[in-house]
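Chemist: Listed here are the chains, written in short residue letters.
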Amino acid sequence: DGGITQSPKYLFRKEGQNVTLSCEQNLNHDAMYWYRQDPGQGLRLIYYSQIVNDFQKGDIAEGYSVSREKKESFPLTVTSAQKNPTAFYLCASNNGPGSGNTIYFGEGSWLTVV
Amino acid sequence: RKEVEQDPGPFNVPEGATVAFNCTYSNSASQSFFWYRQDCRKEPKLLMSVYSSGNEDGRFTAQLNRASQYISLLIRDSKLSDSATYLCVVNVPLYNQGGKLIFGQGTELSVKP
Numbered sequence: 344d345g346g347i348t349q350s351p352k353y354l355f356r357k358e359g360q361n362v363t364l365s366c367e368q369n370l371n372h373d374a375m376y377w378y379r380q381d382p383g384q385g386l387r388l389i390y391y392s393q394i395v396n397d398f399q400k401g402d403i404a405e406g407y408s409v410s411r412e413k414k415e416s417f418p419l420t421v422t423s424a425q426k427n428p429t430a431f432y433l434c435a436s437n438n439g440p441g442s443g444n445t446i447y448f449g450e451g452s453w454l455t456v457v
Numbered sequence: 004r005k006e007v008e009q010d011p012g013p014f015n016v017p018e019g020a021t022v023a024f025n026c027t028y029s030n031s032a033s034q035s036f037f038w039y040r041q042d043c044r045k046e047p048k049l050l051m052s053v054y055s056s057g058n059e060d061g062r063f064t065a066q067l068n069r070a071s072q073y074i075s076l077l078i079r080d081s082k083l084s085d086s087a088t089y090l091c092v093v094n095v096p097l098y099n100q101g102g103k104l105i106f107g108q109g110t111e112l113s114v115k116p
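Taken in order, these protein sequences are the chains called L and F.
For the first sequence, the numbering used here gives the first residue as 344, with consecutive numbering after it.
For the second sequence, the numbering used here gives the first residue as 4, with consecutive numbering after it.
For reference, chain F alone in the conformation it holds in the complex (with noise of 0.2 Å):
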């Protein structure tokens, strides 16, 4: 089982559509979550942390499940400008190394008009 997985894509969705991402992760000590958007040949940047009371920006919400290990990542009213790959990342903790980011393979969104 990879240590982070994501939902596979391309997600096709029109303007307008909700659409929402799944994440599960292995290891049930992991402590710090993020989702990161990657667009087309660009570097990741931070999208959003998840806390596990769950969190909001604007169109945004994303939301930590630690019983079932998973999160979630929730976009609604679908901009064109939303289309991109959207990455799972996760803190693994380390005996005597602190932590150590595991990325998700990453799930494509489209947003067509």
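The following block holds chain L by itself, in its conformation from the complex (with noise of 0.2 Å):
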């Protein structure tokens, strides 16, 4: 089935340790998103691809960093930079942010820091 696998569902990270988030699509699509989303918040945009090997800053990048070597593939790493971590991260992806088109999510991430 083709879809938007994010793993794991759930980690814990000890402070000051960088962990990583893993996305992957079989859609085709080009663009791919990740968003996080804070209890009772909207969802907030970490970074964006267009298309592979490019990448750009959404509005909560700090902290954060992204690559995108595959068209398939987005990984998020989280690094010790990022000071308030805990929360649900979702990757997404569709056929590009100017095409209108609507955007599909991931099972999510959640993140917890101890």
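Beyond 12 Å from chain F on every Cβ pair, some chain L residues (computed): (1) Gly345; (2) Pro351; (3) Glu358; (4) Gln360; (5) Glu367; (6) Arg411; (7) Thr422; (8) Asn427.
The list that follows gives simulated cross-link-like pairs (lysine-lysine, BS3-like), each with its CA atoms no further than 25 Å apart: (9) F:Lys115 / F:Lys48; (10) F:Lys115 / F:Lys82; (11) L:Lys414 / L:Lys400; (12) L:Lys400 / L:Lys413; (13) L:Lys413 / F:Lys103; (14) F:Lys103 / F:Lys5; (15) F:Lys48 / F:Lys82; (16) L:Lys352 / F:Lys45; (17) F:Lys103 / F:Lys45; (18) L:Lys352 / L:Lys400; (19) F:Lys5 / L:Lys400; (20) F:Lys103 / L:Lys414; (21) F:Lys48 / L:Lys414; (22) F:Lys48 / L:Lys352; (23) L:Lys413 / L:Lys352; (24) F:Lys48 / F:Lys5; (25) F:Lys82 / F:Lys45; (26) L:Lys400 / L:Lys426; (27) F:Lys103 / L:Lys400; (28) L:Lys426 / L:Lys352; (29) L:Lys357 / L:Lys426.
Derived by calculation from the structure, the hints in this document are not laboratory data.
Predicted model, so just to flag it, every value in this text is computed and none were measured.
A virtual CB, placed ideally from N, CA and C, is assigned to each residue, including glycine.
Assembly of the complex is requested from the two constituent chains, each provided in isolation within its own frame, with the hints serving as guidance.
Modeler: Okay, here's the thing in structure tokens:
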């Protein structure tokens, strides 16, 4: 089945550690996105990529890094520089930010700092 | 002013009730509009796109008012299974970058027996 797969679903991080969240899609979508959602809040854009080997900062990119070496994959690294990383992270994809096409989400990853 | 703003929740309604959500947006050049549904601790899923002429899907009706810059979602004959958070999403055009999806903070709906 086509879709977006995120892993791990639950992750615990010690303070000072970097962690990487995986996102893979087999929808042949050009654009991929990472969002963060805090309790009772809307989604905030961290990074997005419109094409392989290119990505742009979103509204809250500080403390995060990404790569887009393959069309199917858009991993997100939460670095130790991110001061408040506990949140629900959502990866998404569509056929491009300007297309007006709907966006599809993975099931999300819950990150908790312990 | 937030780029996309929704009615504050939660909305607590009895089964069978009709409930309406409103969402306002600040960028008059916005082109595409959507309603997403998000269940507790799950990812958002597309409920419906919103077209200028308005559109209906079963018990759900979405309307767009470009002059007043708001969109609405009407749910008739509410079911227990409609309990969720409803997210308003607007595609805001960006110069030379296509567009950017902006999410509202969501309105929680709780349908009670």
